[in-house]
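Visitor: Use these hints to put chains B and C onto chain A, whose structure you have.
Residue strings, one per chain:
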Amino acid sequence: MNDRPTLYAMVWRLPLILWQAAFFVVPLVLMAAMSFWLVQNYRMTPNFVADNWLRMLGRGYFWDAYWLTLGRAALAAVLASLIAFPASYALAFRVSSATRQWAIFFLIVPFFTSYLVRIYAWQVLLAEQGPINAALGLGGMGPISMLNSGFGAMVGYLTLVLPLVVILQTFSLAAIDRNLIKAAWNLGATPRNTLLRVILPAARVGLILGATFAFILTFGDFVSPFYLGGSKPPTLSILIIDTTKSGQQWPRAAVVAIMMIATLFVAAFAALGAAYGRRK
Amino acid sequence: MTEPLVAFRGVEKRYGASVAVKSLDLDIAQGEFVAIMGPSGCGKTTTLRMLAGLESPTAGTITIGGKVMNDVPAHQRDTPLVWQSLALFPFLNVQENVEFGLKMRGKGERERRTLSHLWLDRLGLKGFETRAIDQLSGGQRQRVALARCLVTEPQMLLLDEPLSALDAHLVIRMQGVLTRLQRDLGITFVYVTHSQSEAFAMADRVVIMGHGEIAQIGTAREIFRSPKNRFVAEFVGRNNIFAGDVKAGILATPLGPIPLPEAPDGPAEIVVAADRMVVSRAEPGPPAIPAAFLSEEFGGAGIVLYFEAADGSELKAQVTEGELADLAPEPGDAFWLHWPPEAAHRMKG
Amino acid sequence: MKPGDIVARAYLAALFLFIFAPIGTSILFSFNADRFPTFPLTGFTTDWYARAFARPEVWQAFRNSVIVALCAASLSTLIGFCTAYTDFRFGFRFKSAYLALALLPPTIPLVIMGLAMLAWLSQLGLSGTLTGIVIAHTVLGAPFAMAICRMRLQQMDPALEAAAWNLGASPWAGMRRVVLPFTSPALISAFCLTAAVSFDEFIVAWFVSGLNKTVPVMILEILQGNVDPQINAIGTVVFLTSMSLVILAQLMILRRRAA
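Residue numbers (my numbering), protein chains in the order written: chain A, 25 to 304; chain B, 10 to 358; chain C, 1026 to 1284.
Bound conformation, chain A alone (with noise of 0.2 Å):
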């Protein structure tokens, strides 16, 4: 019955077209087409000129923080995969379904919690005179300087995405059939051949999907490395806002949002692509 829209169903479908074309799609055309603008005296005038992507991709540091940004939030990715693992797997097949559940709760809470501060906490936790240095002082050690370093914006990161990840883990852990892993246990596989064999594969899309949220979260963040990382060499989030507050160089600006945004699509698809494609 649903052939024609009626009036009734309009009205449900509409809200979000009309919202999401005025103030998502619009946006970031207008902003893709920005990057094409010129800038003379601090002024934009509306242009199409590749000026700005000559000389945005034109320079080295420029690519030094593309390489940069891409390098760390793979890293945070693996790091973040590796260390929610034995969690996830510890929640999935270890503790009751209460606890798990309890767990979860727990999880989702920091997401809807201010990560400024707790960046801010960071900061304070691994001060040079903070807790965590005058901790390793009484046993004689330290005090190590942890802070504005890639150390700092690496725990500013798994701040930001480990809870995101053990739950994607946890949930693709605890959906494998408990069959399948008691088979492989009464066909004399070893505990390791069991996880590589059995566990992993099975798991395979929570596994990827964890290391992509990973990524794309920390490949767009811009406060653990400016607060933790010491903002210098900047990444690309800390070069758009240096673009965009300075003077008005928002095309360039623009032209680093492009290819974050280019990046972050071949990431996603490459990971959807080797989450649901064909094994071998």
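You may find that some hints are simply not true.
What the hints assert, rightly or not - Partner residues are not named here, just some residues of chain A that face chain C (Cβ under 7 Å, in silico): (1) Tyr32; (2) Met34; (3) Trp36; (4) Gln44; (5) Phe48; (6) Pro51; (7) Leu92; (8) Ala114; (9) Val133; (10) Phe136; (11) Tyr144; (12) Leu149; (13) Gly244; (14) Ser270; (15) Gln273; (16) Ala277.
Stated by the list, open to error - Calculated Cβ distances over 10 Å to all of chain C for the following chain B residues: (17) Ala16; (18) Lys31; (19) Asn79; (20) Arg114; (21) Leu179; (22) Asp193; (23) Ile250; (24) Val287.
Said to hold, decoys possible - Selected chain A positions facing chain C (Cβ under 10 Å, derived; list incomplete): (25) Trp43; (26) Phe47; (27) Ala111; (28) Phe130; (29) Thr183; (30) Thr214; (31) Arg216; (32) Val222; (33) Ile264; (34) Met284; (35) Ala292; (36) Ala294.
By construction, these hints were calculated from the structure, which means they are not laboratory data. We treat Cβ as the ideally placed atom computed from N, Cα and C, and that holds for glycine.
Guide: Chains B and C only, in chain A's frame:
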């Protein structure tokens, strides 16, 4: 026959390329209890939903009381439906569920209260007015669903497999409740089911559907004794079907010749109900078919014996307990199945 | 308990310690008398709260945040519900494109959303206004609201709405009498979660806010200056606000599932 209450004329329902119902013609009289029966996917539920206005026919017309209903939306029809899932509103209590239809018709609170209490009493739900739906048993929910439909005093009630979720003993009880209600109220019931026992126990007339078409319309007896075609014979079950070519009054089948004196030459199919089959160890006169005993099945309506004929086809015969004791069959034993010639019903197509 | 279980639990405890350490630290130091956050703690004080909330700009920022969160949550929930219902109830051409449009925003990095929003809102003359932040936060929140409403509708017997029409309710009455009552816990839940999202969001807000700062934008700007325990105090209040919203949202979801 007077003007039918409901008339389907050439009704067809297509979803893209697939056809759910094709050229359906069906009249339903005022006060009749009609069951529409068939295997799943036969179009019976689609037919009911079209009658309720929840689907619109792709072609043809549906009239109710002489009025073409094709373009009348569901909420402007007077065709309450008892859903398979019951579809009681979980956030309303029993009384609020029952009053829903009255409220939609703009009835005042006092009238709603009076009518809902009347029907809850009538269906044995007095004292349950303020219960939440999830505090009721399956049978009680069933009756709330009935009350919710009947409280607006419709001229017909549609039922879509309403008893399929109930325990067997409750099904029998609810069948009684439904038949009595229908008789007392004198309104039309259109009852969709895949269960023969429900359909044959309650309905005045049974419509058998298969592959989107009506395969046969008739009383329980007509459908059992003279199935119109192979589909019906197989669907109602406990039938033996013999197919072949008739030549000079003899039906030549893979199992042997069967005399069919009246029949004209050409291909023919006959059906013999299991309860008309006679089993014997000695060879009787024709018509008779030799077969090996396979197994037996105890059921409510006697014992069914299963045999395998020479070509591997399965044959059935219904016997009494005493007959079974006399036959004392062992798997593999050779028997003869025969029947009085008048028990063979020749199918049309 | 098997040794394996003990190791597993210890590992889980360490992980949760890592995740919740910053939250705990922030709350702890918001009550510490010393200006510099070191151990041992020097004494209990509520001074930082008093100082923070003595500043009119902090009050102004909270007022802005609350206004933005309420408006953005209302709009997100409205759009999210409409979208979820459309997905639940109707099939149509280009539906997958429609759903992609609904669910894509969270995959775009916030910095980029901030830049794009700034570019577009300044064209519209809305940059630097609370309206601008509300618009941006609605784009970010609607997908969450949609997901929550959709999950709730998934639990609804599709016959329920049809049953309402069958009993004489027009589609509009069916919406009011059946779909909305059934979905209401999810609506509250979606409202709370999108309010929390808005209340914590600072990147896009920072790009488009100008002088009308929200709380996290103000924290961001204080952070660029010196160490200031007032941040812990403000941060703790922000935490408690969004935590309560999230917990409320979860309770609504769990309570309905139990029913």
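Visitor: Per the CB criterion, is A:Tyr144 less than 7 Å away from chain C?
Guide: holds, 6 Å
Visitor: Would you settle whether the hint for A:Phe136 is holds or violated, based on the nearest Cβ-Cβ distance to chain C being less than 7 Å?
Guide: With a closest approach of 4 Å, the A:Phe136 hint holds.
Visitor: Restraint: A:Ala294 near chain C, CB-CB cut 10 Å. Satisfied or not?
Guide: violated, 14 Å
Visitor: Using the nearest Cβ pair, does A:Thr183 come within less than 10 Å of chain C?
Guide: holds, 6 Å
Visitor: In terms of Cβ atoms, is chain C entirely out of 10 Å range of B:Ile250?
Guide: holds, 38 Å
Visitor: Per the CB criterion, is A:Trp36 less than 7 Å away from chain C?
Guide: Constraint on A:Trp36 satisfied, holds at 5 Å.
Visitor: B:Ala16 clear of chain C by more than 10 Å, beta carbon to beta carbon?
Guide: holds, 21 Å
Visitor: Would the non-interface assignment of B:Arg114 survive a Cβ cutoff of 10 Å against chain C?
Guide: violated, 5 Å
Visitor: Regarding the hint that A:Ala292 lies at the interface with chain C, is the smallest CB-CB distance below 10 Å?
Guide: holds, 7 Å
Visitor: Hint A:Leu92 vs chain C: min CB-CB distance below 7 Å?
Guide: violated, 15 Å
Visitor: With chain C as the partner, please determine if A:Ile264 meets the hint condition of a C-beta pair closer than 10 Å.
Guide: holds, 5 Å
Visitor: Take the shortest C-beta to C-beta distance between A:Phe130 and chain C; is it under 10 Å?
Guide: holds, 7 Å
Violation of the numbered hints given earlier is confined to hints 2, 7, 14, 15, 20, 30, 31, 32 and 36; the remaining hints are satisfied by the structure.
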